[in-house]
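2 protein chains.
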Amino acid sequence: MATKKQINNLKYIFEPNGVAVVGASATSTKVGAVVLKNLIDGRYEHPVYPVNPKYDELMGVRCYKTLIEIKGHVDCAVIATPAITVPKLLEQCGKKGIRGVIILSGGFGEVGNKELEGQVKQIAAKYSMAVIGPNCLGILNPYSRVDSIFLPMHKLARPDEGGIAFVTQSGAAGSCIVDLVATYRVGISKFISYGNAAVLDESDMLEFLEKDKKTKQILLYVEGVRDGRKFLNVLKRVNKKKPVIVLKAGKSESASKAAFSHTGNVAGSYLAYLSAFRQAKVICAEKLEELFEFVRIFGQPMPKGKRVGVITNGGGLGVLTADAIVENALELPEFSVETKKQLRAILPEYANINNPLDIIADADCETYDKTIDILMKDPMIDSIVVIVLFQAPAVDDRIINILTDYINQKTKPIVVIAVGGDYTRNYRKTLEGYGVPAYSSPSAAIKALNKLVEYAHWKIKNKW
Amino acid sequence: MATKKQINNLKYIFEPNGVAVVGASATSTKVGAVVLKNLIDGRYEHPVYPVNPKYDELMGVRCYKTLIEIKGHVDCAVIATPAITVPKLLEQCGKKGIRGVIILSGGFGEVGNKELEGQVKQIAAKYSMAVIGPNCLGILNPYSRVDSIFLPMHKLARPDEGGIAFVTQSGAAGSCIVDLVATYRVGISKFISYGNAAVLDESDMLEFLEKDKKTKQILLYVEGVRDGRKFLNVLKRVNKKKPVIVLKAGKSESASKAAFSHTGNVAGSYLAYLSAFRQAKVICAEKLEELFEFVRIFGQPMPKGKRVGVITNGGGLGVLTADAIVENALELPEFSVETKKQLRAILPEYANINNPLDIIADADCETYDKTIDILMKDPMIDSIVVIVLFQAPAVDDRIINILTDYINQKTKPIVVIAVGGDYTRNYRKTLEGYGVPAYSSPSAAIKALNKLVEYAHWKIKNKW
Numbered sequence: 001m002a003t004k005k006q007i008n009n010l011k012y013i014f015e016p017n018g019v020a021v022v023g024a025s026a027t028s029t030k031v032g033a034v035v036l037k038n039l040i041d042g043r044y045e046h047p048v049y050p051v052n053p054k055y056d057e058l059m060g061v062r063c064y065k066t067l068i069e070i071k072g073h074v075d076c077a078v079i080a081t082p083a084i085t086v087p088k089l090l091e092q093c094g095k096k097g098i099r100g101v102i103i104l105s106g107g108f109g110e111v112g113n114k115e116l117e118g119q120v121k122q123i124a125a126k127y128s129m130a131v132i133g134p135n136c137l138g139i140l141n142p143y144s145r146v147d148s149i150f151l152p153m154h155k156l157a158r159p160d161e162g163g164i165a166f167v168t169q170s171g172a173a174g175s176c177i178v179d180l181v182a183t184y185r186v187g188i189s190k191f192i193s194y195g196n197a198a199v200l201d202e203s204d205m206l207e208f209l210e211k212d213k214k215t216k217q218i219l220l221y222v223e224g225v226r227d228g229r230k231f232l233n234v235l236k237r238v239n240k241k242k243p244v245i246v247l248k249a250g251k252s253e254s255a256s257k258a259a260f261s262h263t264g265n266v267a268g269s270y271l272a273y274l275s276a277f278r279q280a281k282v283i284c285a286e287k288l289e290e291l292f293e294f295v296r297i298f299g300q301p302m303p304k305g306k307r308v309g310v311i312t313n314g315g316g317l318g319v320l321t322a323d324a325i326v327e328n329a330l331e332l333p334e335f336s337v338e339t340k341k342q343l344r345a346i347l348p349e350y351a352n353i354n355n356p357l358d359i360i361a362d363a364d365c366e367t368y369d370k371t372i373d374i375l376m377k378d379p380m381i382d383s384i385v386v387i388v389l390f391q392a393p394a395v396d397d398r399i400i401n402i403l404t405d406y407i408n409q410k411t412k413p414i415v416v417i418a419v420g421g422d423y424t425r426n427y428r429k430t431l432e433g434y435g436v437p438a439y440s441s442p443s444a445a446i447k448a449l450n451k452l453v454e455y456a457h458w459k460i461k462n463k464w
Numbered sequence: 001m002a003t004k005k006q007i008n009n010l011k012y013i014f015e016p017n018g019v020a021v022v023g024a025s026a027t028s029t030k031v032g033a034v035v036l037k038n039l040i041d042g043r044y045e046h047p048v049y050p051v052n053p054k055y056d057e058l059m060g061v062r063c064y065k066t067l068i069e070i071k072g073h074v075d076c077a078v079i080a081t082p083a084i085t086v087p088k089l090l091e092q093c094g095k096k097g098i099r100g101v102i103i104l105s106g107g108f109g110e111v112g113n114k115e116l117e118g119q120v121k122q123i124a125a126k127y128s129m130a131v132i133g134p135n136c137l138g139i140l141n142p143y144s145r146v147d148s149i150f151l152p153m154h155k156l157a158r159p160d161e162g163g164i165a166f167v168t169q170s171g172a173a174g175s176c177i178v179d180l181v182a183t184y185r186v187g188i189s190k191f192i193s194y195g196n197a198a199v200l201d202e203s204d205m206l207e208f209l210e211k212d213k214k215t216k217q218i219l220l221y222v223e224g225v226r227d228g229r230k231f232l233n234v235l236k237r238v239n240k241k242k243p244v245i246v247l248k249a250g251k252s253e254s255a256s257k258a259a260f261s262h263t264g265n266v267a268g269s270y271l272a273y274l275s276a277f278r279q280a281k282v283i284c285a286e287k288l289e290e291l292f293e294f295v296r297i298f299g300q301p302m303p304k305g306k307r308v309g310v311i312t313n314g315g316g317l318g319v320l321t322a323d324a325i326v327e328n329a330l331e332l333p334e335f336s337v338e339t340k341k342q343l344r345a346i347l348p349e350y351a352n353i354n355n356p357l358d359i360i361a362d363a364d365c366e367t368y369d370k371t372i373d374i375l376m377k378d379p380m381i382d383s384i385v386v387i388v389l390f391q392a393p394a395v396d397d398r399i400i401n402i403l404t405d406y407i408n409q410k411t412k413p414i415v416v417i418a419v420g421g422d423y424t425r426n427y428r429k430t431l432e433g434y435g436v437p438a439y440s441s442p443s444a445a446i447k448a449l450n451k452l453v454e455y456a457h458w459k460i461k462n463k464w
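Order-wise, the sequence lines are chains A and B.
Numbering follows the working numbering, with no gaps: position 264 of the first sequence is 264.
Numbering follows the working numbering, with no gaps: position 189 of the second sequence is 189.
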């Protein structure tokens with residue numbers, strides 16, 4: 001079990017003054033080369049020290065034979081050398097006073113080398129070092145620009161600064177979501193791929209993030225947790241302060257086997273996990289993409305109830321959204337007499353005044369503006385879903401400003417649904433960049449909204 | 001009920017020699033303007049005749065005061081004028097010998113004007129005209145370049161020629177999927193948005209597509225069907241020849257109401273529909289996006305069983321795929337001794353030889369090639385799922401050729417999973433363009449694969 005000091009020392013990994021890249025390389029497809037390049041290209045502001053006895057210089061930076069040789073201050077070492085060399089290097093880190101270490105290298109518990117992994121644990125304890133990994137991608141912190149993800153920047157986009165922390169046991173699953181997050185201009189506070197968790201595990205990360213001021217929501221991907229009780233307790237505590245969205249992979253026996261040979265952790269009974277998640281009231285994702293879909297809505301204000309008002313310029317999309325609302329046990333109330341009267345006054349005669357409100361394919365941005373305004377003011381509506389068929393001739397760029405203005409009121413959650421190809425997707429990206437959650441399907445949007453409603457209900461239940 | 005002759009006359013809508021656009025306009029956001037522009041820009045090869053008494057010329061083409069005034073041959077008229085004018089125009093179509101008419105205009109049954117809709121029906125019967133609509137987007141045929149979708153081309157992409165026909169009651173829901181299909185370079189044979197179905201309904205369209213040589217698979221979005229028995233019989237017959245994937249919208253009572261004010265059709269009990277779908281053995285989609293996800297896999301050869309082999313360069317994605325395989329009641333068999341031996345010979349020592357096969361993040365294209373080849377030859381594996389973390393440094397463009405070559409063998413279904421941002425999405429688009437089904441999430445891919453397996457099982461069940 002890691003000590004408080006080790007957990008606190010994570011700060012030397014997230015905001016280090018000086019990073020050493022052990023196993024830095026000139027071969028561009030090698031892990032050590034990609035990490036070094038990403039730190040330099042990513043404009044990490046403190047010194048970077050490549051370490052590899054083979055080189056005197058790498059990418060214009062002096063390369064050191066050993067860690068000990070480095071004169072400057074080093075808070076964090078990223079190790080990308082063969083497993084067998086790691087314990088010795090970790091000892092050198094300890095002696096050099098390095099307090100945070102990321103071990104990217106594989107070849108430990110996941111292939112049966114439990115003893116080697118045990119040595120890592122011992123050395124880390126001896127020097128009270130915070131250690132992430134082994135067999136992981138390490139971390140990404142857009143604020144300090146530390147980036148140990150060994151996937152090239154032109155292949156995997158890096159997110160901007162934001163409020164979402166993402167803790168993942170799987171580097172691949174995690175990095176895919178980071179890529180999506182970055183593509184849609186959703187910001188993150190921290191990304192942590194912790195792999196085998198030889199020293200610090202998911203619970204330790206959650207404990208650190210609980211106090212992290214930049215982190216507002218937490219995403220978590222786990223395969224196998226070693227200390228279930230500790231995990232449950234941390235989840236319970238953290239989720240009260242910051243919503244935790246969790247995906248448990250390795251549900252079935254065959255998938256469990258795959259998880260074991262992945263990070264050397266036993267995936268355990270899915271039912272036990274589900275029961276823990278239910279006790280802790282965390283938000284459960286069942287599919288990888290749901291991590292991304294759910295978290296985007298948690299920047300919205302907490303809804304005061306289950307009643308959803310829907311506006312659409314495409315009838316069928318309204319019908320599908322109504323289906324999803326009913327399936328998710330949300331409510332689709334009839335509009336009040338007053339709201340109907342106001343809507344009637346601004347809509348063409350042939351429009352039917354129902355919820356979902358079909359403002360017809362020829363509706364322009366002004367009609368969106370007026371109808372959203374009416375629903376924002378209606379005390380009988382708790383959340384607003386705005387469906388925009390961007391393909392319609394009368395819809396134009398002004399819709400971005402309109403939606404952003406309502407989002408900035410921060411009074412009711414607003415969710416946008418916009419289904420389609422590249423033209424529509426670009427609008428979704430723009431909206432997300434302005435903090436408007438914008439979904440590519442009615443079912444994804446409503447499922448996410450329901451998670452927000454459930455969380456809000458639990459948090460403020462006495463008021464409902 | 002439409003006659004055989006009316007159904008057959010659909011050919012004059014899909015492959016017309018001469019199209020009149022009634023209600024053509026110079027105002028670029030008007031329906032009649034968009035349709036005229038799309039026919040001209042889309043390079044429809046026969047004459048186009050704008051009709052509107054206000055203009056002498058539109059977009060460089062002579063404009064006619066009335067349909068009767070046109071001297072040339074006209075097979076199809078697209079009507080985009082107010083509802084009240086439609087019966088008179090339809091009479092003119094009949095007199096002019098026009099055998100196919102698309103009525104885009106709304107304002108009929110969906111707003112209570114049942115009588116007006118009745119008139120449309122009568123006139124169509126009198127002249128044995130095929131009529132699509134009213135209150136619809138009409139059709140798109142990439143082969144003949146007829147296009148009555150009144151959404152501008154720069155906002156809604158148009159698909160290439162292909163084998164998928166898409167019949168939809170909702171123009172909005174339908175056009176969004178067309179947009180996605182086009183973005184991913186998946187081809188279609190025909191798109192039909194039939195709206196209120198005053199004359200020809202979904203069953204008539206299916207009957208027409210049953211014999212259409214270009215159509216290999218059929219997508220269907222329905223809200224409410226008027227003649228359930230006819231629908232069930234047609235579904236049963238057509239689905240035996242060409243897989244039919246269907247989405248029923250308006251499942252709940254509130255959604256039903258929305259559907260009624262959308263196309264004037266009663267959505268009916270969802271359970272009754274489900275029972276019909278089960279009887280007909282059609283492929284059921286539950287969400288809009290599933291229409292797109294399911295249909296892409298139906299270009300693959302029919303699998304001979306449920307046994308899936310998985311290759312991945314990202315462990316966590318393999319675990320998630322294994323979860324999805326088990327959830328969908330597909331099988332994830334252990335590899336045979338012979339296959340294990342072959343895999344062992346080509347993989348690094350630290351790779352675990354299991355199914356899912358984790359070929360590790362540093363696997364290059366050659367490793368993909370060799371491992372796919374081994375699974376293609378293994379008689380104990382019926383389908384192959386290839387997970388590609390395109391973000392990994394060692395994966396490059398060659399993977400496209402490798403996957404395309406195996407797809408072209410047409411012996412086993414191959415499904416690709418590639419999760420991520422724009423870089424990865426571009427690869428998915430490229431793969432789809434070459435006929436390789438490529439999914440953005442493990443759950444979507446495996447659910448689609450399962451639909452193919454179920455359909456194959458039913459079609460060739462005696463052989464399993």
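Honestly, the hints are just simulated from the structure, not real lab data.
Careful, some of the hints might be misleading.
Unchecked claim - 27 Å max Cα-Cα, derived DSSO-like pairs, lysine-lysine:
(1) K257/B <-> K304/A
(2) K287/B <-> K459/B
(3) K340/A <-> K114/B
(4) K377/A <-> K461/A
(5) K340/B <-> K257/A
(6) K236/B <-> K287/A
(7) K214/B <-> K281/B
(8) K155/A <-> K370/B
(9) K257/A <-> K341/B
(10) K241/B <-> K114/A
(11) K429/A <-> K287/B
(12) K211/B <-> K287/A
(13) K304/B <-> K257/B
(14) K241/A <-> K257/A
(15) K341/A <-> K257/B
(16) K281/B <-> K370/A
(17) K281/B <-> K155/A
(18) K377/A <-> K214/B
(19) K340/A <-> K340/B
(20) K257/A <-> K214/B
(21) K213/A <-> K240/A
(22) K114/A <-> K340/B
(23) K211/B <-> K459/B
(24) K241/B <-> K410/B
(25) K341/A <-> K241/B
(26) K236/B <-> K214/B
(27) K304/B <-> K257/A
Structure-based check of all given hints:
1. K257/B <-> K304/A: It holds: about 26 Å lies between the C-alpha atoms, which stays within 27 Å.
2. K287/B <-> K459/B: Status holds; Cα separation ~24 Å.
3. K340/A <-> K114/B: holds, 24 Å
4. K377/A <-> K461/A: Distance ~23 Å between K377/A and K461/A Cα, so the pair holds.
5. K340/B <-> K257/A: holds, 16 Å
6. K236/B <-> K287/A: violated, 33 Å
7. K214/B <-> K281/B: Judged against 27 Å, a Cα distance of about 22 Å means the pair holds.
8. K155/A <-> K370/B: The hint holds at about 24 Å.
9. K257/A <-> K341/B: holds, 20 Å
10. K241/B <-> K114/A: violated, 57 Å
11. K429/A <-> K287/B: holds, 22 Å
12. K211/B <-> K287/A: violated, 40 Å
13. K304/B <-> K257/B: violated, 43 Å
14. K241/A <-> K257/A: Violated. K241/A to K257/A sits at ~34 Å, over the 27 Å cutoff.
15. K341/A <-> K257/B: holds, 20 Å
16. K281/B <-> K370/A: Not OK: K281/B and K370/A at ~46 Å, beyond 27 Å, violated.
17. K281/B <-> K155/A: Not OK: K281/B and K155/A at ~42 Å, beyond 27 Å, violated.
18. K377/A <-> K214/B: violated, 52 Å
19. K340/A <-> K340/B: The hint is violated at about 68 Å.
20. K257/A <-> K214/B: violated, 45 Å
21. K213/A <-> K240/A: holds, 15 Å
22. K114/A <-> K340/B: With Cα atoms ~25 Å apart, K114/A and K340/B stay inside 27 Å; holds.
23. K211/B <-> K459/B: Distance of about 19 Å is within 27 Å: holds.
24. K241/B <-> K410/B: Holds - the C-alpha atoms of K410/B and K241/B are around 19 Å apart, at most 27 Å.
25. K341/A <-> K241/B: violated, 52 Å
26. K236/B <-> K214/B: holds, 20 Å
27. K304/B <-> K257/A: holds, 26 Å
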